[in-house]
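Novice: Once you have looked at the hints, place chain B on chain A.
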Amino acid sequence: MSGAGLLGSAQSVSQAVALHCEGITKAFQGVHAVNGAAFEIPQGQITALIGPNGAGKTTVVNVLSGAMKCDAGRAFLGDTEITNWPSYKIARQGLLRTFQLSRELGGLTVLENLLTAPPHQAGDSLVNVLLRPGSIRRQEREHAERALHLLEVYRLYRHRDTRARELSGGQKKLLEMARAVMASPKVLLLDEPMAGVNPALIDLIGDYILDLKRSGVTVLMIEHNLNVVEKICDYVIVLAEGRTLATGRLSELRENTEVVKAYLGEVMDAGAAR
Amino acid sequence: MTYYVFTLVFFLFDYFILAMGLNIQYGAAGILNFAYIGFVAIGAYFTGVASLPANTLGQQYILGLGLPFPLNTLIGGLAAMLLSVAVALITLRRLRTDYLAIVLISMSLVLYDFCNNFVSMFNGADGLYNVPEPFAKTLGLSVNSFIPFFACVAGVVALIMWFVMSRVTRAPLGRTFRAVRDDHVVAAALGKDVFRMQLKSMMIGSFYAGIGGGLLIQFGGSFNPTAWLPGETFVVFAVLIVGGAGNNIGMFVGALLVETLLIHLPAFLPEIPGHPGLIEYFDLAVVGIVLMLMLWFRPQGMVPESVRRAASFGASERPDGEADDLELGTPAAPARVAFESGDPQ
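Protein sequences appear in the order of chains A and B. Counted the way numbering that gives the first Met the number 0 counts, the first sequence spans residues 0 to 273. Counted the way numbering that gives the first Met the number 0 counts, the second sequence spans residues 0 to 344.
Worth flagging that the hints you see were computed from the coordinates, not collected in a lab. For glycine and all other residues, C-beta sits at the position ideal for the given N, C-alpha and C. Heads up, some of the hints might be wrong.
[To be verified] Estimated spans, in silico, between C-beta atoms of each pair:
(1) A:Pro85 with B:Ser165: 28 to 34 Å
(2) B:Asn116 with A:Asp70: 53 to 59 Å
(3) A:Asp206 with B:Asp97: 39 to 45 Å
(4) B:Phe162 with A:Ala194: 56 to 62 Å
(5) A:Thr161 with B:Ser165: 52 to 58 Å
(6) A:Gly35 with B:Pro303: 50 to 56 Å
(7) A:Arg73 with B:Arg195: 40 to 46 Å
(8) A:Pro132 with B:Leu88: 26 to 32 Å
Only chain A is shown next, with the shape it has when bound in the complex (with noise of 0.2 Å):
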């Protein structure tokens, strides 16, 4: 299956599509990394992007986000097209993301980096700084409050004033997360969120992703551990050797033998074999 909807084709009748795309093609040196992947995200649900190592699931996260640029193929947000837009372009569309290996703003304190992500800042321009420095007093104490708060939720409020660089693995995870929910993403692209973390923490993460969706941000992850999968999301797209293999349910891929061949039966025979 390729390029389909996530649903059945009654259900995605009334199924928002929040982000699509159609044969994203990708190559480094002639080695293809995405080789045509087309698929479809619901809108105000949660997909995880699954597939073997090497399958291109982080390179198309990076088309998507506009890190990097397609050698072919479109990409909507929406029913704009986005595709080769730069990626700050994409985030102001409200498209936002994480990464694999957590990337914090190190030398700015844990509230600094939450309150670089509001977009349409007064205090990015000059004319403004130099101008209207009350206006900016404002917009600056109504972020702050509000990142403040979703510090407390995040757990990270104690940190408030540490410089980002001096967080633990974990505390770097979470603050990434706070940052792009600061940003208020209509789609939220999370890389691996749970990768490196602590079981109490994957919980906690996962809790987090749930609220999200309960307030009706659209989220694709990419993630390995198929509990976590299981648990919380609504879809799951298989990508293997760069192409869209199977959509659908868990539940219903696990039937899919294509899918168990490239990826499940692998992922289960470790599960076994530890």
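Specialist: Just chain B, lined up with the frame of chain A:
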């Protein structure tokens, strides 16, 4: 004695301005501008040609507007800023870090050769001279009284520019510069136009360079290519690194330690008998050694970049509970998330 002291004071304020300009580019936005002295020079030259009358015997130059202070100095600042736009358009879109630094230092050499050899622009290797001393005629200042007077003028200008720069660095704009410096990919992923931000930083910093250069040519009355050899950029970098990149007060401390004490004070020390000029020749060597020692033992500088605390944003503080801090480094009991019944598990 007054002459010596106020000369040192002038250089302290002038390099404070120059260092603040480089600080917003490198300290805040992370642009390794090895062509910085070129922007200082353009500011000095344009201030010179804005001050000089249309025709001066023995000199060739453009403009010759005969404008008074501070208009002439503003023209110097704006000219440097315009040059920075051109340089940024060529370099910042595609280059970063070391490649950007290499291209910028090359551009500085091209600019140097151009000004040195294209005589009709800024009088070539002879440079501009007899640049009018601001207010000297109006206030009837002698050569000796002009120096303390202009050192005070430089102090007022530096104070105004410090106030403006503090506002910029404390504003979201300064924070966005630092975000771009720390990780431009993340900054872009948060909706920041990295090129535009770096361009702004280049423009602000170059304006400061131009103003600093403009004060310099008016203080000495002349300016020629020997005053801005490309290596001079590294003196400003030394001020910045010794003072503490990212901190405006640090720029004042750096200017005091490097420019005033290490570069200019030795020129006023008594000569070593039998070795005339020896102390003066060693100034750059001493700066180099101090720079290496600082980078080795105190890379953050004398006054490190400060942290803006949450309380300063005016938001209401919350109780600092212990419970909100998860031990993220050690495994703990799972299942904080209560999944809905019927959820597969």
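Novice: Evaluate each hint against the coordinates.
Specialist: Hint check results:
no. : hint                               : verdict
1   : A:Pro85 with B:Ser165: 28 to 34 Å  : 32 Å, holds
2   : B:Asn116 with A:Asp70: 53 to 59 Å  : 47 Å, violated
3   : A:Asp206 with B:Asp97: 39 to 45 Å  : 43 Å, holds
4   : B:Phe162 with A:Ala194: 56 to 62 Å : 46 Å, violated
5   : A:Thr161 with B:Ser165: 52 to 58 Å : 23 Å, violated
6   : A:Gly35 with B:Pro303: 50 to 56 Å  : 51 Å, holds
7   : A:Arg73 with B:Arg195: 40 to 46 Å  : 26 Å, violated
8   : A:Pro132 with B:Leu88: 26 to 32 Å  : 30 Å, holds
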